[in-house]
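Chain order of the listed sequences is A and B.
The opening residue of the first sequence carries number 1 in this note's numbering; numbering runs sequentially from there.
The opening residue of the second sequence carries number 1001 in this note's numbering; numbering runs sequentially from there.
Fair warning: there could be bad hints in the mix.
Covered stretches of chain A (chain B as the covering partner; in silico rule of three or more C-beta atoms under 8 Å from a C-beta of chain B) [claimed, not checked]:
(1) 106-114
(2) 121-128
(3) 196-202
(4) 253-265
Here are the computed lysine-lysine pairs in the DSBU-like style, where the Cα-Cα straight-line distance is at most 30 Å [to be verified]:
(5) Lys1215/B / Lys1340/B
(6) Lys235/A / Lys325/A
(7) Lys1254/B / Lys1040/B
(8) Lys259/A / Lys372/A
(9) Lys1070/B / Lys110/A
(10) Lys372/A / Lys1215/B
(11) Lys1340/B / Lys1254/B
(12) Lys1303/B / Lys1340/B
(13) Lys1340/B / Lys1191/B
(14) Lys1215/B / Lys259/A
(15) Lys1254/B / Lys1303/B
(16) Lys106/A / Lys162/A
(17) Lys259/A / Lys1040/B
(18) Lys201/A / Lys1215/B
(19) Lys201/A / Lys235/A
(20) Lys128/A / Lys1191/B
(21) Lys128/A / Lys1070/B
(22) Lys1070/B / Lys1040/B
(23) Lys372/A / Lys201/A
(24) Lys1254/B / Lys259/A
(25) Lys1215/B / Lys1191/B
(26) Lys110/A / Lys162/A
(27) Lys1070/B / Lys201/A
(28) Lys1040/B / Lys1215/B
(29) Lys106/A / Lys1215/B
(30) Lys259/A / Lys201/A
(31) Lys372/A / Lys1070/B
I should point out that these hints are in silico values taken from the structure, not numbers from a laboratory.
All C-beta atoms, glycine included, are put in the ideal place defined by N, C-alpha and C.
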Amino acid sequence: MSAATRAGPVLAADGTPLKRSLARALRMQKIRALLLVAPLLVFVLITFVTPIGQMLFRSVENDLVADTLPLTVAALADWDASAGELPEEPVFNALARDMIVAVREKNHTKLGTRLNYERTGMSSLFRKSGRQISRWDPEEDAPFRERLIDVHEGWGEIDTWKTIQTHSRRLTPGYFLNAVDMQLTPDGPMAQPESKRILIKLFGRTVWMSLVITVTCIILAYPVAYLLANLPLRKSNLLLIMVLLPFWTSLLVRTSAWKVLLQQQGVINDTLVWLGLVADEARLVMINNQFGTIVAMTHILLPFMILPIYSVMRTIPPAYVRAAKSLGATDWTAFWRVYFPQSVPGIGAGSILVFILAIGYYITPEIVGGTKGVFISNRIAYHISFSLNWGLAAALGTILLVAVLILYWCYDRIVGIDNVKLG
Amino acid sequence: MKTRRAVIVLAGAAMAAGSAAAQDMVDELTVVSWGGAYTKSQQNAYHDPYMEMTGVTIINDDSSAEAVAKLRAMNEAGNITWDVVDTVAADAIRLCDEGLAMVIDHDTMLEPAPDGTPATEDFAPFIVSECYVPNIVYSTTFGYRVDMVGDTPPTDVCAVFDTETYPGKRALERRPINNVEWALLCDGVAKEDLYDVLATEEGQDRALAKLDTIKDDVIWWNAGADTPQLLADGEVVMGSTYNGRLFSVIEEQKQPVAMLWDAQVFDLDGWIIPAGLSPEREARALHYLRFATDTQRLADQAKWIAYGPARMSSAPLVSTHADLGIEMAPHMPTDPENAKNTIFFNYEFWADYRDDIDAKFQAWLAQ
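Sequences are here, hints too, so could you generate the full structure?
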């Protein structure tokens, strides 16, 4: 063969360069794969990514003030809040005009609710003023300054105007500040008064208790999984059903069952008193506190730990331990140096599952958590369903999501995500 | 002959009118309420007679606890699946504030009293929002275990704060509303000054300080069913909950529990219609509402649950319990014997202060 042909590209059977031919085949494969996953991908995009994206966006979105009071916001732009004087008539005029439109469209009370998150009393200020302002005419009834202050003294307070000015931006960091026990004030971000700080404490508690639950699950699940993997098939199947049976029972039923067991007039306390181990007046407090939450959640999440460990243990060939023993290892050494390292990927998978489920848990802490055993998710639920402060709920949710991602990343760096196996 | 034909013609016209009206209304109605015994009382008093009368299917949805959040979400999604929603008054005010509930003209849309009194007067003080049709008056009050209070059963709400005379746990709701009012009352604040005091930082701190004296003795509840269960199990010596729940523990389940009516807090429960329904659905919802809130229907509901009808004209018609056969009037929170000392839920105050005081309350709880 000549040097020229050797230097030229390698050709496929049909004469095209092999590289291109290969690339085409690979591209075809990729397209086919994409088509195969397309339905799922679209489904995930529509039902998962979009809503979560929207939720994340809510944590900074703040269109309501600027949309409801466009003239006022524009007029307030030149007002210097730090001068300590009320705005001039043009601002009041703009507010009256905005309010007349807002009342007609029933937006003023919505705005009142929004601003009430920032300053107590705004809700009734807007509701009460709305009733009067709706009867006004923007031309004939001017000037408005005295008139508005007459309607509600709140309009004569500088802080009212400061609040509107501070929260008129369309994108706000306010909810995130609230989520970490701070607030956006006219003078910039400030810490909340001590008596209202609760969220950071709840975040810390959520992470700490989730860790405790994960560790408890590991300790309890490991021996069970070992038995499951090593007993003869008939017995292990029976055991597996016993593990799965509570898994199939309703969450609420299991949580309520713990209530019956743990409460002061409950089964455990009754038994202890009957045995004479505990005095009748000194019954143990085991529920409506952290202990209750940890016990109930460990029980509920246990299958999520047992199953991954079990499926990894099943793949560990018994010959390795036998070999170790035949080479002179004691039982403990054989277990610790040979068996245990091979089961670690199962523990890793179980821990991630349990921890991530625990950190977002809501129902069980709500029922058995009392005051000291509730999680941040209970506060998120409160803001979604009851206070209707969805911006704050979204900010809390975002922080929780980011925290989980960071922990996941740390886990990957320390343990390595390749070391996680579900079987 | 002539008259007979006229009758037939008239009857035909009436039927035509009837069917024309029926065409303008849907035949299915989704009614949202609280579930449990309360929905059962509504089913018996309103739903069943209405379905029998009109042939309409009523679907129950037990979502009232999250009604405001869900209606807001439905409104944002542009797909409202509820027709009539049962809410407490504070939620109705919020829904009305947010433009999520339809404005009701009480005098034209509701039946007058049997003697012709227009609805606005018959419901008088209870129409707390232009979107709201009140249904019942209920109260949040205390029940106590008769076997755990010794020879001196409590007669005063301040027994809750008296752990020496009445040792044992108490059940209180895990939110500030009602609790802070009782705390201030028992800290010596006069009833008429309650909300002026509570509007100040010092007043709020004072209420929490009073609650702090019994903090270790309290089991905090979330669901109205918790306290009756805790009382029945003997876990608590006394606890607050809705009076109807206590009635069922005492009279239906025959537990050794008694009522402490002192300083009960009155609140309302009633209907709203979501804003933005199609004309056919709105017409059906209004048709149902007119029926379900007339004098007789409201009185009927008291046969199944111990809540007072919100119409003045219904009170004399309240009869006996449908299963137990006992007179219901003495079990109503509005009965003069029970209503010697009452507080009426202050909607205006709590709309403003709820977020603020709740944050403080929860921070205090977590300490």
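Tested hints:
Only residues whose beta carbon comes within less than 8 Å of a beta carbon in chain B count, and the stretch 106-114 of chain A has 6; three or more means the coverage holds. Check on the stretch 121-128 of chain A: 5 of its residues sit with their Cβ under 8 Å from a Cβ of chain B, so the three-residue criterion for coverage holds. As drawn, the stretch 196-202 of chain A meets chain B at 5 residues by the rule of a beta-carbon pair under 8 Å; at three or more, the given contact holds. Judged by the Cβ-Cβ criterion of 8 Å, the stretch 253-265 of chain A is covered by chain B as claimed, because 3 of its residues qualify and three suffice.
Distance restraint check for Lys1215/B and Lys1340/B: the Cα-Cα separation of roughly 28 Å lies within the 30 Å cut-off, and the hinted pair is therefore satisfied. Of the pairs offered as hints, the one joining Lys235/A and Lys325/A holds, with about 26 Å between alpha carbons and a cut-off of 30 Å not exceeded. Distance restraint check for Lys1254/B and Lys1040/B: the Cα-Cα separation of roughly 20 Å lies within the 30 Å cut-off, and the hinted pair is therefore satisfied. Proposed proximity of Lys259/A and Lys372/A is supported: the alpha carbons are some 16 Å apart, at most 30 Å.
Taking the CA atoms of Lys1070/B and Lys110/A, the gap is about 16 Å. The hint holds against a cut of 30 Å. For the hint linking Lys372/A to Lys1215/B, the alpha-carbon distance of about 12 Å falls within 30 Å, and the restraint holds. Between Lys1340/B and Lys1254/B the CA atoms are separated by roughly 26 Å; this keeps the pair inside 30 Å, and the hint holds. Using a Cα cut-off of 30 Å, the hinted pair Lys1303/B and Lys1340/B holds, with the two alpha carbons roughly 24 Å apart.
At roughly 13 Å between alpha-carbon atoms, Lys1340/B and Lys1191/B fall within 30 Å of each other, so this suggested pair holds. In summary, the hint linking Lys1215/B to Lys259/A is supported, as the alpha carbons are separated by about 21 Å, within the 30 Å threshold. At roughly 18 Å between alpha-carbon atoms, Lys1254/B and Lys1303/B fall within 30 Å of each other, so this suggested pair holds. Proposed proximity of Lys106/A and Lys162/A is supported: the alpha carbons are some 23 Å apart, at most 30 Å.
Among the hinted pairs, Lys259/A with Lys1040/B is consistent with the structure: their alpha-carbon atoms are about 27 Å apart, no more than 30 Å. Restraint check: the Cα-Cα separation between Lys201/A and Lys1215/B comes to about 19 Å, which is no more than 30 Å; the hinted pair holds. Only pairs whose Cα atoms come within 30 Å are accepted, and Lys201/A paired with Lys235/A is rejected, the gap being roughly 46 Å. Simply put, Lys128/A and Lys1191/B have alpha-carbon atoms about 24 Å apart, close enough for the 30 Å limit, and the pair holds.
For the hint pairing Lys128/A with Lys1070/B, the CA-to-CA distance comes to about 26 Å; that is within 30 Å, so the pair holds. As the CA atoms of Lys1070/B and Lys1040/B are separated by approximately 22 Å, the hinted pair is consistent with the 30 Å bound. About 11 Å separates the Cα atoms of Lys372/A and Lys201/A, which keeps this hinted pair within 30 Å; it holds. Taking the CA atoms of Lys1254/B and Lys259/A, the gap is near 23 Å; set against the 30 Å cutoff, the hint holds.
Pair hint Lys1215/B plus Lys1191/B holds up; C-alpha atoms about 23 Å apart against a cutoff of 30 Å. Distance restraint check for Lys110/A and Lys162/A: the Cα-Cα separation of roughly 19 Å lies within the 30 Å cut-off, and the hinted pair is therefore satisfied. Restraint check: the Cα-Cα separation between Lys1070/B and Lys201/A comes to about 29 Å, which is no more than 30 Å; the hinted pair holds. At roughly 36 Å between alpha-carbon atoms, Lys1040/B and Lys1215/B are farther apart than 30 Å, so this suggested pair is violated.
Annotation: proposed proximity of Lys106/A to Lys1215/B is violated, straight-line Cα distance about 42 Å (limit 30 Å). The straight-line distance between the Cα atoms of Lys259/A and Lys201/A is roughly 26 Å, inside the 30 Å bound, and the hint therefore holds. The straight-line distance between the Cα atoms of Lys372/A and Lys1070/B is roughly 29 Å, inside the 30 Å bound, and the hint therefore holds.
Of the numbered hints stated above, those contradicted by the structure are hints 19, 28 and 29, listed in ascending order.
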